[in-house]
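Student: Chains A and B, in that order, give the protein sequences. Okay, so the first sequence: first residue is 0 according to numbering that gives the first Met the number 0, each after it adds one. Okay, so the second sequence: first residue is 0 according to numbering that gives the first Met the number 0, each after it adds one.
Heads up, a few of these hints could be off.
Chain B residues, not near chain A, derived (Cβ > 10 Å throughout) [stated by the list, open to error]:
#1 S43
#2 S48
#3 Y52
#4 S55
#5 G63
#6 D71
#7 A81
#8 R84
#9 Q86
#10 L109
#11 K113
#12 K192
#13 K211
#14 K217
Lysine-lysine pairs mimicking DSBU-like chemistry, simulated, CA-CA at most 35 Å apart [said to hold, decoys possible]:
#15 A/K280 to A/K405
#16 B/K87 to A/K405
#17 B/K64 to A/K325
#18 A/K405 to B/K77
#19 A/K331 to B/K125
FYI, nobody ran anything at the bench for these hints, they're computed from the structure. Here a beta-carbon is modelled for each residue, glycine too, at the ideal position from N, C-alpha and C.
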Amino acid sequence: MKKKNPILRIALTHLFSKKRQTVVAMLGVTFGIAIFIFQGGLMTGFQKTFIDQTVNTTANIRIYNEPKKERPFLITEVYASGEWLVVRNQKPREELPGIKNASAIVAELEKNPEITGVSPFLSSQVIFKLGLAEVSGRVSGVDIERENLIFDVEENMVEGSISKLATMNNGIILGDGLAELLGAKMNDNILLISPMGVSVEVKVAGINHSGLTEVDKQRAYLSIRNTQKLLLADGSYITDINLKLKDFNKAEILARELEKKFGYRCLDWKEANVNVFGIFKIQNLITYLIIISILVVSGFGIFNILMMIIYEKLPDIAILKAVGYKDRDIMKIFLTESLIIGFTGGIFGLVLGFLLQQIIGNIEMDIKGFVSMKYLQFNNSPIFFVSAFIFGLVATALAGYFPARKASRVDAIDIIRAK
Amino acid sequence: MSREIIIRTQNLGKIFRDPVEFHALKKINLEIYRGEFSAITGASGSGKSTLLYVLSTLDTDYTGKLFFEEEDLSQKSKNGLAELRNQKIGFVFQFHYLLHDFTVIENVMLPGLKLGLLSESQLRKKALEKLEILGLPDQAEKKAGKLSGGQQQRVAIARAMINDPVIIFGDEPTGNLDSVNTKNVFDVFKSLKEQFNQTILVVTHDQEFAGKTDRIIKLHDGEVVKD
Ligand SMILES: Nc1ncnc2c1ncn2[C@@H]1O[C@H](COP(=O)(O)OP(=O)(O)O)[C@@H](O)[C@H]1O
Ligand SMILES: [Mg+2]
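Only chain B is shown next, with the shape it has when bound in the complex (with noise of 0.2 Å):
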């Protein structure tokens, strides 16, 4: 059975230039299937968030190539990508990035109101179901400032799933958390994974959250030493 390639990257790399000229990430060949929940893992300035950053579009700043779902990135414009992390990607970073004068629903809304596909109460039923998933539907209404750091966390990926994305991207997402609401993130994710077979990709430099991913993909000084 052939696997679906999700991104796919050829010899890619990223320099910064300032203070001066670093080669955060070199040559970079990496295959993200469909329905793997994988892990970056590596020492603190090893480059995963810079991997990640470019694997997600955000940082268009590379060298090499990079293929979502076999489309070569490079060719489409700024607009264009803004599209396609509307559409198939989803985001939960180490700091929740939650709007705060929003309430939680509305923040799980956001994604699905740029899409415009769902009226606004097909849209409010979605974020709910997705709320019940993440064990926050008593939250909807309130402040998302109000929730506690692992509560906002869960927010957060419920926003990630809002337009059913093709691939959920987390920087550090426990990084800030307890054991208790790590291992909550985690079970979260690995349900995702299992009911929806979701694809997700998670930096982490926590040995245990990676250990019990699928796969580990590991970095040091920005090049890929163990998959």
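This is chain A alone, in the form it adopts within the complex (with noise of 0.2 Å):
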């Protein structure tokens, strides 16, 4: 049996009855939906570009003693009668802010069924000093597979290994952009001198590149041992410590718990990228401000061609209504027209945006900002083109919504006495 559904012929006549203005209002339909999927695709790419580097180099929490921001003189504490006081320009003993019970508190941690990895931590500014080169960097003290378990070191290592920095005593992993300007190659001998004036003679046990060029430049591994030698501290100092989630979108609230437990600071990624997520928000406000008004501008040309049709075709409608159609059948037949209308040009929409998509994503940008990138990278996944689609359809059913609904409440016996 052919199709005798007459409301989806009438639309479609109608439609064909006004070619031009049914193509233009399309046409809005697809730039909005185009647009939607550039604009909204090249942000939310980036951002998760972002979020996914972020991700890979910053801690999902890290653990450490803030340092308090004004200290009391300490002569007020002594002598709380406020008498004699004269002591100026106090000088605080060079005091390291270190984490006190570090190795309990990793013993802890490690029990935690959310946490997958966790890995105690030291910094020390250095001079790398190889042969003539002299270059000012920092080591980053640590135990080589707990570290491992949470930035993936052993995948970016160029040259060596991280067992080898584990086995041997004296170890270091430099970033591959330090060991250029270095001149560094496995094995070399490098000597390392702390602000404190300690020097430690240590061998290149890897090369390592983590794909943050500045990071590369001046960063190192070595053993937490060999680091508290540089500065001076005994075998349990440690500043901070690394955490990796199983989930890490829980990290704002582990943080919160585990601040509350060990009474030390806990530092989410989000909160440690804080201004960038408040850039991401204002992006997002605009991007969807964009996209709304563009959605909005396309919903008018519905609008319009529908009001158009829908009072060229009184006569028609009062005569179906005389004929037994329904209001609801004279509300279908419009709204189908206007999604008629809303599907097509959304499936164009969906095709130009995907060839925006990809001739934009092809052209080589070679950005270096605080993410760097060959190429922009979009948003491509189905469920974004589902959901733009989705949001056009909506734009488009509710800009036929008031027409449809205008036309279904006609009086017939109006328009036939009118004529």
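Take the two lone chains, each set in its own frame, and fit them into one complex as the hints suggest.
Tutor: What follows is the structure, encoded as structure tokens:
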């Protein structure tokens, strides 16, 4: 049996009788959806890239001892009476704000099933010396195997391996930029000199490429013990504990819990990048405003053409009602028209948006900001495309609803009398 | 032999309130029987169209009572009335009111598509039969707007017949036609009545047309003055 749905047939006939306006209304939707996909895809793609890189390079949670901003004068604490207070320019003794009971805390954290990696950490400024070359940078004192659970150090090794650092007692892993600056190769001996004047000789056990240019130019991994030596600190001295979670989205909640439990500052990755997320929020707001205003414009296109058709077809509406079409049938006719426009325009919009993504996404850009990428990264997940399409259909249906309702409420007898 | 009543009114009235209160119909008591071909006549402004719109359920803003096949229509919902019109009532208006973007046969099929009892091909066949009765089978695939006035009016009659209605209403169906086409339309109604016992109620101010029908209901200032 052939299709006998009169609603669809009437809707199509109306649209075909107004080809040009129908095409214009469809193009409105097409551009709306295409821009949604391009602009929204660019924003979310960029933000996802950033988040991925951030999650890979900053700890989900970092636990550390936050130094108090203002130190009370020692003397006012001792002589509480308040007399004879003439000591100025008080100079605190060099005090290292470490985590006091680090190993107990580490043991405790490792029992938490939400936490998949725990890496105690301390770092020191150093000068790297190799032959005549002198470069200043930082050493990160880590238990490299624990560190690897959090930051995939092994995966980023260009030469050597982390197990080498773990087994040697004076090994070092250099960032590839740093190695280049020093002219260092595997097994070269490098002299580290700390601000305390301590020097330690180490041997290159590996070269690492994290992808963050600035980091690779000045960071090296060292064992915890050697870093403590550079800082003249005892064997229990740790400044930070970095954590990796099963689900990094739970970082914020867990950070608050751990803060309460241990009394140290627990910084989650979102908080650590709070400025960037603030920018994201504004970016998103602007993007959505642009998208919404474009869809509103497309919506007006649909509204317009429907009002035009309805006005022109008032006699048709009257006769349809006279021969037994119900109000809701009339409503369906015009809603169908708007959805046909939205659906067709939307499909073309998806294609156009996809093509724009492909074309722009294949132009080499070499962007180096706080994220470095060679090409613009678009969000091209199917869910994103589907939601753009649904968004377009909803906007279309809304734009069609009011004219359709108006048409359904037309009083047939008024029109028949008026003739 | 008791005749079957299709439409019955009880003190039917119609008041227009805009621009001033105006009693367009006053205490109309009428019975229309099955198989009757009757005409409503009267001077212009006497209330003929107003009465027809009320009787055909398009206008629901009336006083008094209206029964269709002895069912009180004031009890029916808007949708219920739409269904009633679709199944049991055919319309022919003065201005043809075809849908101009559709072909002749599609116009004829429209009420049948809504009714949805027949398949597309069955309905198409039936529409062609109706067009044959009206002498228009060769026009079926033309756009409705391309036909002459007389032809369009016959298409409208075919459309009115498609669901085999209980009654066909006409409001000045020949008002716009020349004498040849007028006779043509009259003959069609006449043969529908004679062949199919079709009930027909037609508003006309054409005395000659009215004179040839079974029954003349004459209106004057909203009242039935002669039946
Ligand atoms: N919508 C309306 N509002 C007010 N008065 C109307 C309206 N329609 C018709 N009338 C009045 O009702 C009377 C009957 O009109 P109508 O039924 O059209 O007459 P006829 O069809 O017999 O020429 C006329 O006096 C007309 O002016
Ligand atoms: Mg009239």
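Student: Going through the numbered hints above, which ones does this structure break? Give me the numbers in ascending order.
Tutor: 2, 3, 4, 7, 8, 9, 10, 11, 15
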